[in-house]
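Student: In the order they appear, the protein sequences are chains Y and W. Residue numbering for the first sequence follows this note's numbering, starting at 10 and increasing by one per position. Residue numbering for the second sequence follows this note's numbering, starting at 447 and increasing by one per position.
Hints should not be assumed to be uniformly reliable.
Computed far set for chain Y versus chain W, every beta-carbon distance over 12 Å [stated by the list, open to error]:
id, residue
1, M53
2, M264
3, T305
4, H307
Here are some chain W residues the structure puts well away from chain Y; computed CB gaps all over 10 Å [said to hold, decoys possible]:
id, residue
5, E459
6, D478
7, K533
8, L548
9, A565
10, D593
11, S595
12, A601
13, R602
14, S608
One-sided and incomplete, this derived list gives chain Y residues near chain W with beta-carbon spacing under 10 Å [claimed, not checked]:
id, residue
15, L148
16, P175
17, T190
18, Y191
19, T193
20, N216
21, F445
FYI, nobody ran anything at the bench for these hints, they're computed from the structure. This one's a predicted model, so the numbers in the text were calculated from it and none came from an experiment. Ideal Cβ placement from N, Cα and C applies to all residues, glycine included.
Now for the letters of each chain:
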Amino acid sequence: MSATTIPEISTSGEEPQVLRPPRWVEGNPSLQQITDEIARPLEMRPGKAWWICFGIAFAALLNLVGMVTYLIANGIGVWGLNSSVGWAFDITNFVFWVGIGHAGTLISAILLLFRQRWRTSINRSAEAMTIFAVACAGLFPAIHMGRPWDAFFILPYPNQRGPLWPNFRSPLVWDVFAINTYFTISLVFWYLGMIPDLATLRDRVTNRSRRFVFRLLSLGWNGSHRTWARYESVSLILAGLATPLVISVHTIVSMDFATSVIPGWHATIFPPYFVAGAIYSGFGMVLTLLIITRQTMHMERYITMAHLDKMAKVTMFTGMIVSYAYATEFFSAWYRGEFYERYHFINRVTGPYAWCFYLMVLCNVVTPQLLWFKKIRLNVAALFVVSILVNIGMWFERFVIIVVSLHRSFLPSSWGMFYPTAIDVGILVGVFGLFFACFLLFIRFLPMISIWEIKGVVRSDSTSQAAGRGGIAHA
Amino acid sequence: MRRNFLVAVFPDEERLMQAVYLVREEKFRIYDVYAPYPVHGMDEAMGIRRSRLPWVALVFGGLGLLFGLFLQFYTVVLDWPMNVGGKPDNSTLAFVPISFELAVLIGGLATVAALFVRARLYPGKRECLSEPGVTNDSFALVLRQRDASFDLSRARLLLEESGADRIEEKAAAL
């Protein structure tokens, strides 16, 4: 578990002293070795650890199916919602899961545009995380509708009810377009990145049925450079499209709140605040997942301490943006002098849900400060704890924004409290089951690290090392 | 359709690159190069023109944007205007997010579709490999023996000089 060690490079006398290039793969594996090591988990029977994790996740998933069935059969009254607090765990979970997805797109698209080569080991699993997280998120608005079988009414299609069109001025309708576009583009981007690897697997599996599936999915890929050239240009275009997309998605999610007049929601800071929070929580989840994957699947060579260190730094940075946004919210509530707004923020720190606020501050403001210390960034166990705290903190952030704002609105006669029911809690737990079951199946059946991108990085690492100077970073 | 090719297999990208430069200097036309990852600098070495796929993204992205604006304008201004909170029917600014999402969606999907069409990739296609290891760890340079003017012995010599592991004449449907 040592940090990446870089062998000394003998520089000739006249060569200027420059920083040694960072290396993102440990050792000097051959191309064959990279294929073997990454394809190994797909070709072996899964170990005991995988079965235990999958068993727990699957049990939670079954619980989700049962709870959602019960919910649909009985209506959303089985949740703890009431006329004061009409949005609670459901929308909290929705915003939480959409946010988780954002780190995947950041790693796969934004870091591609910035030509950050460290993304190559982690982009595939981060993108998978995005897709599963957005799928989890999409569940909540649907089951919150009360009559989920009529969910398609939200789509603008010619109908016999007028035709009655959706109200395109509503951010809730924007959300439908944003989430669906985000899910589709992420899925296409993920699949496109996997085609060369599926071809690699197709050419090495012996099992006939698996070969059939890989052949179907790899679209006849044969490694032609004329195709590679087009492929790379399309990857860049998709990254360029996904970058503003990911920002738009959480901006629109934040507008679900910010365009209303509820104290605590009606703030112009919401879009950037939500986007930063999304990346922060997403990196927390990426860290959690990658630490588990790294330790259980023995991918230390590819997911190095240097990767964890980079992710920890992004987490710390975005965590501080989030902390700054919390402070700004309080400042503007005080400075603007509006009675209800002031009351809301006083209530946030002293009211019945104050403990949620303090938990949130502990997890999102205090915890990321630990990452200043290199000792913590390079300690897998400590990092894992931090990442879990980040996840908890960000869930509570959304809970605080949603429930604390709603439970004390303008008239004291409409004040109320939200207490989660067993169904609320069951669905919260169950959706983690859905997410982890999907992720565990993914690492079992698909290459969780991009084989072709790692090969490119290893090659340019060794050439830049041979040249004894910093290689030009290209993705 | 099976055609005649000369396939040279290389163990690494440096030798491959060298071979590409050598054969192109002698005016051989490179049919294609096969590699397990995109070799940087190969576009220039092979003389591949810049892909025109970005134009597909631009055109279809623009169409998606227009479609989004038209959809919203037609439905809530022309077809069935409704007074929601006293806001104007044509609230153009409120139409921006959905138009943007549709631009990204349609532009992105069209670009990927164009890639698949242009590179002839489709589900169920049987792969035509120039060499079994090109999706794993070997690199292949392929010249096509178009007609009698193809100087086979000269080509062989150049490829051998640049360090090919193996050189084969193949009739294949690449």
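Student: All the hints need checking, so say for each whether the structure fits it.
Tutor: Status of each hint after checking the structure:
1. M53: The claim holds: M53/Y sits with its nearest Cβ about 18 Å from chain W, beyond 12 Å.
2. M264: violated (8 Å)
3. T305: holds (26 Å)
4. H307: Since the minimum Cβ distance to chain W is about 21 Å, H307/Y lies beyond 12 Å and the statement holds.
5. E459: The assertion about E459/W is violated, with a minimum of 6 Å to chain Y.
6. D478: violated (5 Å)
7. K533: Violated, since 6 Å does not exceed 10 Å.
8. L548: violated (7 Å)
9. A565: violated (4 Å)
10. D593: Answer for D593/W: holds, closest chain Y Cβ roughly 22 Å.
11. S595: With a cut-off of 10 Å, S595/W remains clear of chain Y, as the shortest Cβ separation is near 23 Å.
12. A601: holds (18 Å)
13. R602: R602/W clear of chain Y: closest Cβ-Cβ about 21 Å, beyond 10 Å.
14. S608: Holds, because the least Cβ-Cβ distance between S608/W and chain Y comes to about 16 Å, which exceeds 10 Å.
15. L148: violated (20 Å)
16. P175: Result: holds, 8 Å to nearest chain W Cβ.
17. T190: Where the cut-off is 10 Å and the nearest Cβ of chain W is about 4 Å from T190/Y, the hint holds.
18. Y191: holds (8 Å)
19. T193: holds (6 Å)
20. N216: violated (17 Å)
21. F445: Not OK, violated: F445/Y not within 10 Å of chain W, min 28 Å.
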